[in-house]
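Visitor: Next come the chains, spelled out residue by residue.
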Amino acid sequence: MDIQIEDRLPFKLVRLSGDVDLHSSPRAREAILNALKLKMPLLVELSAVSYMDSSGVASLVEGYQTARKQGLEFGLVAVAQSAMNVLKLARLDKVFPIYDSLDEII
Amino acid sequence: MQIPELAIDVSHLVTHYGSRKILDDISFQARQGEIMVIMGGSGSGKSTLLRHLLGLHQPTSGSIRLLGKDITQLNADQMYDLRKNMGVAFQGGALFNSMTVGENVELPLREHARLDENTMRIMSRMKLEVVNLAGFENLMPAELSGGMIKRAALARAIVMDPRLLFFDEPSAGLDPVVSAELDELILILRDAMNMTIVVVTHELESAFKIADRITVLDQGRILMSDTVTAVRASDNPRIQSLLNRTPRNEAINPDEYMERLTREIF
Amino acid sequence: MNTLLSFVAQVGQRSLQSVREIGYHAALLAEACYWLLFGRWRRQPVRLGAIFREAVGVGVNAIPIVALASFATGMMLAIQGIYTLRTFGAEGQVVLGISLSVTREFAPLITGIFVAGRSGSAIAARIGTMQISQEIDALRVIGINPVRYLVAPLLAAMLLTLPALTVMSDLIALFGGALYCAGELSLPIGIFFARTFEVLVAQDVIHGVLKSLIFAVIITLIGSANGFNVTAGAEGVGRATTRAVVLGCIGIILADMVFTFLTSR
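Residue numbers (this note's numbering), protein chains in the order written: chain G, 948 to 1053; chain U, 75 to 340; chain W, 46 to 310.
Incorrect hints may appear among the rest.
[What the hints assert, rightly or not] 30 Å max Cα-Cα, derived DSSO-like pairs, lysine-lysine:
#, chain 1, residue 1, chain 2, residue 2
1, G, Lys1035, U, Lys158
2, G, Lys1016, G, Lys986
3, G, Lys1041, U, Lys283
4, U, Lys283, G, Lys1035
[What the hints assert, rightly or not] Examples of chain G residues toward chain U, derived with CB under 7 Å:
#, residue
5, Ile952
6, Ala1005
7, Glu1009
8, Thr1013
9, Leu1036
10, Ala1037
Hints listed in this document are in silico derivations from the structure and should not be mistaken for laboratory results. These figures come from a predicted structure and were not determined experimentally. Even for Gly, the Cβ is constructed at its ideal location relative to N, Cα and C.
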């Protein structure tokens, strides 16, 4: 799994790619929570994610809740199919703000 | 991640209990994402077959390939790694009575992964949401009803997002509404996660509803392993009697019968 | 002829079964020790928290009953000792008798028997119930070795707490004896203990503690083995608990005899 962090003002953008699984999701979690410490609204881009399991989704949930507590905007962008399946299974697709592409929000 | 075409490939499996032969030359396959229902009356050997699929017993001969690996040949470490991709929901739930429902669901994560405490809590609660047990994580198993126990057991079985899910008698002991809900849940899981699901049951209705393919066992042998339509259309008398719930009516061999009745007397 | 034959067959079967059972216990011990020592390198460590919980269950919670039994035993030894020694006019020697029999024999034995009764049955019941409700199978399919998860922490807890209980039992039994001597022989308690420590050598206490380690192993193994071998439902669990207590106590007494025979000649 690769993590890229970019500035797309007014947002911080965390791009995840590759497999987000039990092995790699702790790093994704750390990147998301650290990015939120900058007190900027956060987007997580998932178009290049080949596989995401529940531990990855759990990290997104934790990030979203942290952002909400601080009144920061948080969104998922270009959610890949495997990640979408896990989100849908737990009905989280109706909870997260989800955008098809970066153009849609920036 | 490489996904082999056949998630389950059992070939020429023979097992004994003591000197009694329980399973005789069992061969069947299931593809990734397929729901395979193993059916048979009591004493057909279906529970024994499940226990072998789970790697709880060593067969006398034959091979069992799960996700491309022959579990009869794996060493303990390799089996340990394979088990991360296997989830099992037992007939009675087999929840650990000394732990809360939430701790039960988290246990596989604690054993297999190095995750943050928060991540594990969220993961287990997500799975409890999936099985409609949200908010029950702090109850003890003894406080749950039969249907809730089965659902909690299912949540524990899928907490690691396994590629293989085994479900022993999902509808046994449940009322029709609850068991229909479980059937629905099995279908949702397969569609969302592309899991290969093996369901052992003797409930016809449930089997026909969820199965892609059905393997019918009788007295330790496979009568048939085919699609639902093919099983329904089968003219095998034993399968027909199973479908129509007629008691078996076999020809009697008088010599063998008398021998059984009078053994050790004359 | 036929009855003789079936008798011999039965004896053979029984012996075979006993040998098999002893083998099973030995394998269980080897496996539990393996996980305690090497579990960390096999990614399956025996957790300290689990050992601690078991130690509270089998050790700390046994303190009141072991204390009471030890006190009564100490007093009983004093009563019996004074009664016996009086015939020789040697009541003064009672301190020697009490000290040696308590530390070498009675404290470990009383502790062992009571822990076997309390925990041997509890272990068998817990593991037996888990066996029939498929919880043991559930552990295995999750990838948790049941011996590592259930037996190893218990064995460690027993090995830690039984010697401690035995030392406690030593002190309380001696105190019971001292109390009776104070009343009967007007022997001040301080003097009783001073004399006790004069006659006792470290080896006497160690002798008792070593025994308690053997008892710890026996109780754990017999309790767990009977639990794992439960097959016949709730009735089977009942039978296993009874068997665990009876065999545990017999095992302790036999081991005690052998150990004392080998070390006290």
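Visitor: Run every hint past the structure and note whether it holds.
Guide: Hints, one by one, checked against the model:
Simply put, G/Lys1035 and U/Lys158 have alpha-carbon atoms about 23 Å apart, close enough for the 30 Å limit, and the pair holds. Between G/Lys1016 and G/Lys986 the CA atoms are separated by roughly 11 Å; this keeps the pair inside 30 Å, and the hint holds. Between the alpha carbons of G/Lys1041 and U/Lys283 the distance comes to roughly 28 Å, so the proposed pair stays at or under 30 Å and holds. Proposed proximity of U/Lys283 and G/Lys1035 is supported: the alpha carbons are some 23 Å apart, at most 30 Å.
The restraint placing G/Ile952 at the interface with chain U is violated, with a minimum CB-CB distance near 20 Å, outside the 7 Å limit. Using the Cβ-Cβ criterion of 7 Å, the hint placing G/Ala1005 at the interface with chain U is satisfied: the shortest such distance is roughly 4 Å. With a least beta-carbon distance of about 6 Å to chain U, the hint placing G/Glu1009 at the interface is held under the 7 Å criterion. Annotation: G/Thr1013 was flagged as interfacial toward chain U, and the flag is violated, the nearest CB pair being 10 Å apart, outside 7 Å.
Checking G/Leu1036 against chain U by beta carbon gives a least distance of about 4 Å; that is within 7 Å, so the hint holds. Using the Cβ-Cβ criterion of 7 Å, the hint placing G/Ala1037 at the interface with chain U is satisfied: the shortest such distance is roughly 4 Å.
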